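There are 2 protein chains.
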Amino acid sequence: MKKLAAMIAAAATLCAYAVDPIDKSIDISAREDGLNTSSLSMVRSLMRSHAPECQFNDNVDFSAWQGRVAEEMTRLMRHPEAPAAEPRLVASAQRPGYRIERWETFPLPDAVVGVFVLIPDGVDADHPARGAALCIPGFGQTKELLAGEAERNYMLEASRPEGEIKQASMARFFAEQGLVAVAVDNVSAGELSDNGRFDYVHTARHLLELGWSWLGLTSWQDRVVLDWMKTLPEVPADRIIVSGFSLGTEPLMVLGVTDPSIYAFVYNDFLCRTRERILSLTAPDDNGYRQFPNNIDHLIPGFLAKFDFPDLVAAMAPRPVICTEGGLDRDFRLIQRAYARAGAPADAFEYHHYAMFEADSTRSVDLEVVPAGIDKWEYFRLCNVDPPHHYFKTEHVRPWLDRILPKR
Amino acid sequence: MKKLAAMIAAAATLCAYAVDPIDKSIDISAREDGLNTSSLSMVRSLMRSHAPECQFNDNVDFSAWQGRVAEEMTRLMRHPEAPAAEPRLVASAQRPGYRIERWETFPLPDAVVGVFVLIPDGVDADHPARGAALCIPGFGQTKELLAGEAERNYMLEASRPEGEIKQASMARFFAEQGLVAVAVDNVSAGELSDNGRFDYVHTARHLLELGWSWLGLTSWQDRVVLDWMKTLPEVPADRIIVSGFSLGTEPLMVLGVTDPSIYAFVYNDFLCRTRERILSLTAPDDNGYRQFPNNIDHLIPGFLAKFDFPDLVAAMAPRPVICTEGGLDRDFRLIQRAYARAGAPADAFEYHHYAMFEADSTRSVDLEVVPAGIDKWEYFRLCNVDPPHHYFKTEHVRPWLDRILPKR
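Here the protein sequences come in this chain order: A and B. Plus 461 on top of the position in the first sequence (first one is 1) and you've got the numbering used here. Plus 461 on top of the position in the second sequence (first one is 1) and you've got the numbering used here.
Take the hints with a grain of salt, since some may be wrong.
Each pair may be met inside one copy or between any two copies, as identical chains are not told apart.
[Said to hold, decoys possible] Computed cross-link-like contacts, SDA-like style, restricted to lysine to any residue with a CA-CA straight-line distance of at most 25 Å: (1) K837 with V662; (2) K837 with N756; (3) K837 with P694; (4) K837 with L795; (5) K837 with G749; (6) K627 with A807; (7) K627 with Q638.
It is worth saying that the hints were derived from the structure and are not from the lab. Keep in mind that this is a model prediction, so the values were computed, not measured.
Taking the hints into account, I'd like the entire structure generated from these sequences.
And the structure:
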């Protein structure tokens with residue numbers, strides 16, 4: 462067996478010549494006729510020449526465009542037609558200021574997906590909450606983290622480690638603000654992991670083989686929870702917020718453009734155009750390999766042929782959205798124009814840059830195109846991203862919440 | 462920047478708990494109700510319960526089934542509707558026994574893809590060849606290797622390194638047998654590589670984002686070449702063979718089921734069911750991670766929901782096919798039944814096991830289901846695969862060729 466392994470390793474060296482240095486100019490042909498000879502350049506040329514079909518622009522009929530975005534997103538996500546079975550209450554525990562419940566949902570025939578519901582003291586069927594928040598975690602995060610519970614405390618059997626409650630406990634934050642907060646897991650994470658391994662990529666690959674996607678399944682699980690939230694007596698169905706951290710902004714956008722009944726959105730990540738990001742990151746890494754912005758758990762085949770993230774946020778108009786971690790002013794201007802077209806008040810779309818890019822003088826305010834040939838660090842800098850300060854920004858969300866959902 | 466890199470590395474540890482040992486029984490629920498709690502198990506359950514829609518079975522109306530396979534394959538491959546521009550002759554050189562020509566093809570607007578044509582001495586417009594062969598390389602291979610030319614000798618400027626001609630020179634073999642042989646590159650390899658890097662995965666990811674696939678583009682490039690071959694005066698259009706080595710069998714199957722004018726096929730790899738292979742390889746590797754049979758250059762979203770490789774070979778009936786590197790007898794029996802249903806003579810489908818599995822006593826002749834919980838080495842053994850002896854099997858192809866294409 463060792464001999465075979467060595468042979469396979471030797472064969473793998475077949476997959477590259479003695480390699481020339483890679484420069485940054487992959488899109489410049491060495492031929493007089495300007496044609497591309499590398500497959501990568503051919504494919505990048507295809508990507509450049511195919512703008513997303515449902516991009517927002519100032520000439521669209523807003524309502525027709527919004528309908529088309531919803532339709533294409535519905536098609537891409539391939540949610541099952543069969544309704545999910547009714548969720549079941551399994552456990553509950555009292556915490557200081559709120560009760561936490563474990564419910565089990567059944568998004569697929571052989572599957573059970575647990576969620577936590579945080580109900581502020583004093584809230585019940587006769588005294589519904591101020592609002593509700595569906596809280597979707599980021600990469601590597603769990604519903605336990607969001608709810609301020611100990612990791613792996615799926616059944617609420619352990620007591621909560623009070624000293625360890627993190628700034629990331631988004632659901633606990635909303636409960637403290639008087640909202641019913643529901644914390645979910647992303648596909649492959651936490652209780653949904655493979656025996657402790659958060660195998661996003663491995664699960665995604667299986668899903669892609671079936672013609673589905675990581676985001677398709679994740680957003681389906683979240684939709685099952687969201688639809689059920691609307692039926693809870695403690696929840697005012699017309700005051701539900703979807704709040705996504707980092708990776709969690711992706712299912713947020715799916716729910717946002719396909720469910721007009723959602724009241725408002727907390728988009729806690731920087732905002733960017735993924736297609737442009739792919740076309741920009743051509744500088745080789747330390748090993749001489751070109752970079753790709755993310756793994757295949759972000760891959761939804763054909764997605765970028767339809768729209769990009771700023772289009773999706775624009776399609777949430779006129780409902781309140783807060784973007785808490787900046788991005789390019791160009792994209793925020795686009796969203797503001799969309800909100801104006803939708804007849805939204807000026808403050809319906811609110812955004813904040815990272816603190817270090819807050820002053821106009823610290824940003825490329827007028828940058829319209831991110832250049833190719835850069836690496837991810839340069840990309841972050843150009844797009845006003847400060848990765849070490851990527852966290853759930855209660856300092857922006859709290860006052861926004863009091864504005865869009867006044868206390869009773 | 463180093464501080465940032467360290468921080469990101471630290472954050473990456475977030476993506477798994479202190480990890481429990483992974484056992485082989487990922488599909489066995491720990492719950493009394495038998496429901497899956499890991500996303501991976503949920504998704505595997507979906508994959509198990511969804512047999513490919515166009516699987517061959519003994520009750521199909523063969524011709525209707527074959528038509529449906531062609532239709533679904535056409536839909537999955539998403540070949541461009543615009544015809545490619547006419548190929549152009551760019552260079553030629555004489556070799557012992559044949560002339561080699563470089564032609565340039567134009568499968569996409571900004572792209573040029575070179576191919577080699579090997580024309581046996583004595584063959585011309587007035588004396589067409591015995592037949593022709595479109596030769597598709599394996600992973601890490603190039604058209605130069607297949608033609609017996611020096612690597613990077615794209616323009617036929619260098620002389621051929623006679624001492625270095627490899628057993629892999631499939632196109633040269635066919636030319637020596639009196640056929641016009643055409644050697645192509647796979648997407649991202651050789652002349653189509655990124656400055657010497659054979660970046661199959663990176664190119665594939667770009668294509669998938671656009672809703673296309675590595676195999677979609679590769680088979681499109683090959684189709685352009687095949688359709689052009691039919692117009693060459695030296696080529697009898699009704700005697701074209703498609704010959705694929707390893708990875709090259711994938712475009713072979715695409716062309717095979719969608720172009721009934723192809724005369725015959727050399728399938729030089731072991732034959733397997735990819736869906737079963739995915740479901741079987743659940744044993745963790747040395748690092749505790751589960752395996753997947755291949756990279757995303759093999760991913761065609763939704764492909765496995767339609768059919769698997771044995772179905773595709775079955776759909777080539779009644780045309781001659783030779784499988785040279787074995788697989789499961791179960792799958793060969795299925796193909797034989799399909800050929801019988803198509804009214805093909807008994808010898809139209811020919812197959813050979815690897816030498817070490819040739820005797821029935823060395824194989825699991827009756828194995829009907831490959832079990833889950835195994836690793837790739839056990840999979841190879843169960844499926845009669847002898848990886849160190851994976852090469853182009855002229856010893857089987859030569860006599861087969863003389864049978865299906867008698868010398869004039």
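Results for each hint:
1. In this assembly of identical chains, the alpha carbons of K837 and V662 lie at most 25 Å apart whether taken from the same copy (21 Å) or from different copies (19 Å).
2. With identical chains, the CA atoms of K837 and N756 are at most 25 Å apart both within one copy (14 Å) and between copies (24 Å).
3. In this assembly of identical chains, K837 and P694 lie within 25 Å of each other by CA distance neither inside one copy nor across copies; the values are 47 Å within and 52 Å between.
4. Taking CA atoms no more than 25 Å apart as the test, K837 paired with L795 passes inside one copy only; the shortest distance there is 24 Å, against 50 Å between copies.
5. In this assembly of identical chains, the alpha carbons of K837 and G749 lie at most 25 Å apart only when taken from the same copy (14 Å versus 30 Å across copies).
6. For the identical chains of this complex, K627 and A807 are neighbours neither inside a copy (34 Å) nor across copies (70 Å), given an alpha-carbon limit of 25 Å.
7. When the C-alpha separation of K627 and Q638 is checked against a cutoff of 25 Å, the pair qualifies only within one copy, where the shortest distance is 16 Å, while the shortest distance between copies is 73 Å.
Hints 3 and 6 from the earlier list are contradicted by this structure; the remaining hints agree with it.
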